[in-house]
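K.L.:
We have chain A; now place chain B with the ligands onto it with these hints.
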Amino acid sequence: MTTVASPPRSPPPHLPPSAHRPTATGGPEPKPAETGVWVAIATISMSFAALTSAMVVRASGAPDWQHFRLPPILYVNTLVLIASSLTLASARRRITPASALDGLPRLYVTLGLGLLFVTGQVLAWRQLATQGLFLATSPSSAFFYVFTALHGLHVLGGLAGLLYVLRRLRRVVPVPMTALGAATLYWHFMDVLWLYLLVILIIRV
Amino acid sequence: MHEAAVHPHAPPQGFLRTHVFSVDHKVIGKQYLDLALVAVCTGMVLSWLMRLHLAWPTAAIPGLDKLSPNGAAGGVITPEYYLSLMTMHGTIMVFFVLTTAPFAGFGNYFLPLQVGAEDMAFPRINMTSFWVTLVAFLVLISSFFVADGPALSGWTAYAPLSAVGKDAGPGQGLGQTLWAISIAIFCVAQLLGALNFIATTLDLRTKGMSLARMPFSTWAWFITAVIGLIAFAVLMPACILLILDRVAGTSFFIPSGLVISDRLQPHSGGSPLLWQHLFWFFGHPEVYIAILPGFGIISHILPVFARKPLLGPRAMIGCLIAIAFLSYTVWGHHMFLSGMNPFSATLFSVPTLIITIPATIVTLLWIGTIYGAKLRFTTPALFCLGFVSVFVSGGISGFFLAQPSIDTYLHGTYFVVGHFHFVMGVAAMFGIFAGTYFWFPKMFGRMMNETLGKWHFWLTFIGVYCVFMPMHYLGLAGNVRRYSAFTDDYLKPLIPLHRFITIAALFTGAAQLIFLFNLIRSRFRGPKAPDNPWEATTLEWATTSPPPFDNFGGKPPVVQRGPNEYGVAGAGGADYLMQAAPEPAPAR
Ligand code: HEM
Ligand SMILES: [Cu+2]
Numbered sequence: 004m005t006t007v008a009s010p011p012r013s014p015p016p017h018l019p020p021s022a023h024r025p026t027a028t029g030g031p032e033p034k035p036a037e038t039g040v041w042v043a044i045a046t047i048s049m050s051f052a053a054l055t056s057a058m059v060v061r062a063s064g065a066p067d068w069q070h071f072r073l074p075p076i077l078y079v080n081t082l083v084l085i086a087s088s089l090t091l092a093s094a095r096r097r098i099t100p101a102s103a104l105d106g107l108p109r110l111y112v113t114l115g116l117g118l119l120f121v122t123g124q125v126l127a128w129r130q131l132a133t134q135g136l137f138l139a140t141s142p143s144s145a146f147f148y149v150f151t152a153l154h155g156l157h158v159l160g161g162l163a164g165l166l167y168v169l170r171r172l173r174r175v176v177p178v179p180m181t182a183l184g185a186a187t188l189y190w191h192f193m194d195v196l197w198l199y200l201l202v203i204l205i206i207r208v
Numbered sequence: 100m101h102e103a104a105v106h107p108h109a110p111p112q113g114f115l116r117t118h119v120f121s122v123d124h125k126v127i128g129k130q131y132l133d134l135a136l137v138a139v140c141t142g143m144v145l146s147w148l149m150r151l152h153l154a155w156p157t158a159a160i161p162g163l164d165k166l167s168p169n170g171a172a173g174g175v176i177t178p179e180y181y182l183s184l185m186t187m188h189g190t191i192m193v194f195f196v197l198t199t200a201p202f203a204g205f206g207n208y209f210l211p212l213q214v215g216a217e218d219m220a221f222p223r224i225n226m227t228s229f230w231v232t233l234v235a236f237l238v239l240i241s242s243f244f245v246a247d248g249p250a251l252s253g254w255t256a257y258a259p260l261s262a263v264g265k266d267a268g269p270g271q272g273l274g275q276t277l278w279a280i281s282i283a284i285f286c287v288a289q290l291l292g293a294l295n296f297i298a299t300t301l302d303l304r305t306k307g308m309s310l311a312r313m314p315f316s317t318w319a320w321f322i323t324a325v326i327g328l329i330a331f332a333v334l335m336p337a338c339i340l341l342i343l344d345r346v347a348g349t350s351f352f353i354p355s356g357l358v359i360s361d362r363l364q365p366h367s368g369g370s371p372l373l374w375q376h377l378f379w380f381f382g383h384p385e386v387y388i389a390i391l392p393g394f395g396i397i398s399h400i401l402p403v404f405a406r407k408p409l410l411g412p413r414a415m416i417g418c419l420i421a422i423a424f425l426s427y428t429v430w431g432h433h434m435f436l437s438g439m440n441p442f443s444a445t446l447f448s449v450p451t452l453i454i455t456i457p458a459t460i461v462t463l464l465w466i467g468t469i470y471g472a473k474l475r476f477t478t479p480a481l482f483c484l485g486f487v488s489v490f491v492s493g494g495i496s497g498f499f500l501a502q503p504s505i506d507t508y509l510h511g512t513y514f515v516v517g518h519f520h521f522v523m524g525v526a527a528m529f530g531i532f533a534g535t536y537f538w539f540p541k542m543f544g545r546m547m548n549e550t551l552g553k554w555h556f557w558l559t560f561i562g563v564y565c566v567f568m569p570m571h572y573l574g575l576a577g578n579v580r581r582y583s584a585f586t587d588d589y590l591k592p593l594i595p596l597h598r599f600i601t602i603a604a605l606f607t608g609a610a611q612l613i614f615l616f617n618l619i620r621s622r623f624r625g626p627k628a629p630d631n632p633w634e635a636t637t638l639e640w641a642t643t644s645p646p647p648f649d650n651f652g653g654k655p656p657v658v659q660r661g662p663n664e665y666g667v668a669g670a671g672g673a674d675y676l677m678q679a680a681p682e683p684a685p686a687r
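In the order they appear, the protein sequences are chains A and B. Residue numbers for the first sequence follow my numbering, so the first one is 4 and each next one is one higher. Residue numbers for the second sequence follow my numbering, so the first one is 100 and each next one is one higher.
Since the hints were derived computationally from the structure, they do not count as laboratory data. Virtual Cβ for every residue (Gly too), placed ideally from N, Cα, C. Some clues are possibly wrong.
As the list claims (entries may be wrong) - Ranges of calculated distance between the beta carbons of each label pair, as one might list FRET restraints:
1. A:HIS191 with B:PRO111: 29 to 37 Å
2. B:SER360 with A:THR81: 40 to 48 Å
3. B:SER443 with A:VAL176: 45 to 53 Å
4. B:VAL137 with A:TYR199: 41 to 49 Å
5. B:ALA609 with A:TYR199: 36 to 44 Å
6. B:ALA311 with A:PHE137: 51 to 59 Å
7. A:SER48 with B:TYR508: 37 to 45 Å
8. A:LEU126 with B:ILE456: 38 to 46 Å
9. B:TRP230 with A:TYR199: 28 to 36 Å
10. A:SER48 with B:ARG223: 21 to 29 Å
11. B:ALA246 with A:SER48: 38 to 46 Å
12. A:PHE137 with B:ALA609: 40 to 48 Å
13. A:GLN130 with B:ASP133: 28 to 36 Å
Chain A on its own, in the form it takes in the complex (with noise of 0.2 Å):
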């Protein structure tokens, strides 16, 4: 496909018949999907600025500020979900619009991986119950709760889309190559994510 920079005020060249309906992006077939994770990930990654600026304001000048040790299994759920980061995308690699078969196995590993950080996030909150931390218990708990509680159900949210992009990649052809990105971009967003929390929790927690 051409991809002209078209001067904005003349229209934009002509695009194959393979597209659905003529637009106005003059470059590469518009993706909606993709644009829409984008976006989303924009607006969550302001929630957690918003968040972290609400801890930085709230551990300055608070004499309750309590300090304590990350449970250790956190390192061992972080390099889990990198681990599903990385079968995610050797898995994309092996789908191709024509057929997803090669590419499934390595699918539900990354869905079995993305469960089994989950499980070991509520391990983690057993932990530090069983050392006496709890939500309330001082405003550093407080906030490991709000954050891995709301990155746990931005994962859950990530693997209803996987299911339902695996789900499709079985049935339809040609496979939804947009659907299967954005659900990928959207994965690697929750890792970096995790990365970025896992880096302010053990700096301010």
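P.N.:
Then chain B with the ligands, alone, in the frame of chain A:
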């Protein structure tokens, strides 16, 4: 991932799929508008109750004790119940009227049409966001019927009042929790909506519809969506923290050693200022979420009736973008008296004064557009002029409030109430009215009655000036806001003015019955509307009234030019060129 609407879809069958759980952006847009209509009627009744009480504090309002046996025993409103009414009025109006109608309502209906798309990018997410909004509304309204009534901490829900429980007064128990839940749910709906607006604008424009050729209203909805995406992403976690303080015993916003109703609150170390920062980081952009669609609607409609292109189209879009950007730098101007560092007051004052520059340019562009034009004085045109008038009247008071030293006196007074009701409340309402009179023929295939429309305009226009202009004077005279009655010695001389305002408010409210009547009657009895009754250029007028399910009957238009081609030589002696019309043969 939901399937994008890039392929034609067949119209659904059955009443439920076509009218209730519809994925059609036009149906969803109308549902938002209906919701806003219900909300605005509720909010207006609440405001009458407040106004009646302010003017005649001891008078009993018949039947009110049925709604709240404690809050209005014998029909007389208690101070606490007054605050509940005020909170609900503000929350309903800001969230479920001024955000819902101009942005979600008109935006849903007309953004896809104006860019030549068949639907929003994610129709099912679109439907979800409407139903989630409705749930948020019902949760909020349900607080009228719980034991202690609705929250009383205002639409800004300042902590610690909003974060501690029942001790802080009736309504601060379950009522305030429901408030926070409702707003959190509302945020989710708005984020989903903004996602759709952005993806649709970026990806589903028809052939030839470059960004520079987008109508001004589309630009405004798009920019509003970007603002909303950031603003609601901050309010939602703030509400979650607030809910946790209330129900889970955390201390995000509640300081140590707080004693309320003789009880030491079991919280420590929280920061009430943190809530204010989070809230106003959302709150100031929110006022632009309410007004920018109005900017877009006015810029869209004025040229149609001036029969002249909008002056400075690029400057207009540049100003909208500048306002969006600056709106994130000024939130502290609501907090000059909050106890934050006085030095930061200056820091917030400067961008506040800077943001008046693009706002002023926008107004001048509108005035320049009508200057020397042969205006067609239709009802939508009148409401556009009214919009400019009230926006200027309300904007001017903003200059005063932006100075920390002057705001110290005015902050807690009716001056602020007058300011924001003009610039946000009435201006946005006039935008909604202009949009309704303008687009009604497209949405329902029938014209609204012009005579009734003009009566509606003039009565409303005079009415709102009588209601809100005196409030500036009250504020200057030191009349505090958020009080339920003014019986103290120094406020006594002002009570006649309060009575005047109350009478004007009831009168203005009654004038809205004309609008309601016109709306319902025209829906069934209005004369049939042609496809393009106002001789406008944009794509929504290039299809039938009302448009078919897929908007353009399977033939997406191909855009040839921008939306601003008025006062030119068009086909067949017309003075305008539609965006998708082929190049006309040279005249003569
Ligand atoms: C000309 C530009 C404007 C300036 C300089 C300005 C300035 C201000 C300032 C300094 C305040 C704080 C007053 C106080 O609480 O003591 C304020 C309040 C307010 N403004 Fe504006 N404003 C402007 C335009 C607008 C617009 C366009 C809107 C809405 C569309 C708006 C809506 C509000 C609201 C809702 C409040 C009060 C919120 C509350 O306390 O409940 N303002 N304005
Ligand atoms: Cu503001």
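K.L.:
Taking the hints in turn, state whether each one holds.
P.N.:
The hints, checked one at a time:
Roughly 36 Å separates the CB atoms of HIS191 of chain A and PRO111 of chain B, a value that falls within the hinted 29 to 37 Å. Restraint check, SER360 of chain B to THR81 of chain A: a C-beta distance of roughly 47 Å satisfies the suggested window 40 to 48 Å. Checked against the hint of 45 to 53 Å, the pair SER443 of chain B and VAL176 of chain A fails, with Cβ atoms roughly 60 Å apart. In this structure the hint that VAL137 of chain B and TYR199 of chain A lie 41 to 49 Å apart at CB holds, the actual value being about 42 Å.
Between ALA609 of chain B and TYR199 of chain A the CB atoms are about 56 Å apart, so this pair departs from the stated range of 36 to 44 Å. Between ALA311 of chain B and PHE137 of chain A the C-beta distance comes to about 56 Å, which sits within the given range of 51 to 59 Å. At roughly 40 Å, the beta-carbon separation of SER48 of chain A and TYR508 of chain B lies within the given 37 to 45 Å, and the hint holds. At roughly 56 Å, the beta-carbon separation of LEU126 of chain A and ILE456 of chain B lies outside the given 38 to 46 Å, and the hint is violated.
A hinted range of 28 to 36 Å holds for the C-beta pair TRP230 of chain B and TYR199 of chain A, which are about 33 Å apart. For the hinted restraint 21 to 29 Å between SER48 of chain A and ARG223 of chain B, the CB-CB distance of approximately 24 Å keeps it satisfied. In this structure the hint that ALA246 of chain B and SER48 of chain A lie 38 to 46 Å apart at CB holds, the actual value being about 41 Å. In this structure, PHE137 of chain A and ALA609 of chain B break the distance hint of 40 to 48 Å, their C-beta atoms being roughly 56 Å apart.
Distance hint check: the CB atoms of GLN130 of chain A and ASP133 of chain B are about 51 Å apart, inconsistent with the given range 28 to 36 Å.
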